[in-house]
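Could you put together the complete structure from these sequences and hints?
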Amino acid sequence: MMTTRRFFFFFALVFLFSSLSMAAPGDPGSPDSLHAVIERLEKKYAGASFSADFFQTSEIKALDIQDSARGRGYFKAPGKMRWEYDEPEKQLIVTDGRTLWIYHPKDRQVMTGNSPTFFGEGKGGSFLMFIKSMRERFVVSQEKAPSPDVFAIRLEPVKKETDTAFIRLFISKDKHEVSEIITQNVYGDETSISMRNVRFGRTFDDSMFTFSIPDGVDVVRLD
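Positions -23 to -1, 1 to 200 (mature numbering (1 follows the signal peptide of the UniProt record, and there is no 0)) are the ones given, in order, by the sequence shown.
For the record, the hints were derived by calculation from the structure and aren't laboratory data.
Mixed in with the good hints, there may be bad ones.
Computed cross-link-like contacts, EDC-like style, restricted to lysine to aspartate or glutamate with a CA-CA straight-line distance of at most 16 Å [as the list claims (entries may be wrong)]: (1) LYS20 with ASP151; (2) LYS150 with GLU19; (3) LYS83 with ASP195; (4) LYS121 with ASP73; (5) LYS38 with GLU120; (6) LYS83 with GLU66; (7) LYS83 with ASP166; (8) LYS150 with ASP126; (9) LYS150 with GLU64; (10) LYS67 with ASP44; (11) LYS150 with GLU120; (12) LYS21 with ASP44; (13) LYS152 with GLU61; (14) LYS152 with ASP63; (15) LYS21 with ASP166; (16) LYS152 with ASP9; (17) LYS67 with ASP9; (18) LYS121 with ASP9; (19) LYS38 with ASP166; (20) LYS136 with GLU120; (21) LYS150 with ASP63; (22) LYS67 with ASP84; (23) LYS152 with ASP126; (24) LYS83 with GLU61; (25) LYS38 with GLU167.
Encoded structure:
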């Protein structure tokens, strides 16, 4: 069976990214206005294929669990993702936008299910490729940035029945890239993913976003 740590990281990832969408105000304002920042972000990620190193930290307060992980992510429109975890142990999360596979080599176990059930259409890590069509669920405001070289944006859900309390995006001013995403739910649990070495204009074969289940592994259905 999947350890608490692995279960924790997967659903922290799902919670973090499946929450993301935007609703920006209409006044263009100055180049540093919220509208202008969102417009540049949309242009940067529209239909993009890219890769990035990631560092993930997660905390579940009720269980007193704090942990971290790192690896590399690959993204291809529409909705294809590949998360390769290197630490704390090897793990692979792959989706072609329809099917989701989670592979734990150490335990020789594959979990598989319907990707939209967990990430939804245009959600998951692929939200960065669908920003322009996902601006209904959150109200966005600009916050004071922790440093002068980034924009800080706060997202709060329009529909309060969601578990999401708020989301913060940190966007680099020079490259207009999302450098960090912090999500907190109504229980105070927090997940953060920092992205570094982001490379756009990548060409990925679709085979990167499918998974052939090895012989002899345990297969667990998620739905």
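Comparing the hints with the structure gives:
1. LYS20 with ASP151: 14 Å, holds
2. LYS150 with GLU19: 14 Å, holds
3. LYS83 with ASP195: The given pair, whose Cα atoms are some 12 Å apart, holds under the 16 Å limit.
4. LYS121 with ASP73: At roughly 37 Å apart (the allowed maximum being 16 Å), ASP73 and LYS121 break the hint.
5. LYS38 with GLU120: 25 Å, violated
6. LYS83 with GLU66: 8 Å, holds
7. LYS83 with ASP166: 28 Å, violated
8. LYS150 with ASP126: 6 Å, holds
9. LYS150 with GLU64: Distance of about 30 Å is beyond 16 Å: violated.
10. LYS67 with ASP44: 15 Å, holds
11. LYS150 with GLU120: 14 Å, holds
12. LYS21 with ASP44: Status violated; Cα separation ~31 Å.
13. LYS152 with GLU61: 24 Å, violated
14. LYS152 with ASP63: 27 Å, violated
15. LYS21 with ASP166: Measuring from Cα to Cα gives roughly 30 Å; hence the hint is violated.
16. LYS152 with ASP9: 14 Å, holds
17. LYS67 with ASP9: 40 Å, violated
18. LYS121 with ASP9: Holds, at about 12 Å.
19. LYS38 with ASP166: 6 Å, holds
20. LYS136 with GLU120: Violated: LYS136 and GLU120 sit about 21 Å apart, past 16 Å.
21. LYS150 with ASP63: 29 Å, violated
22. LYS67 with ASP84: 10 Å, holds
23. LYS152 with ASP126: Measuring from Cα to Cα gives roughly 10 Å; hence the hint holds.
24. LYS83 with GLU61: Measuring from Cα to Cα gives roughly 14 Å; hence the hint holds.
25. LYS38 with GLU167: 8 Å, holds
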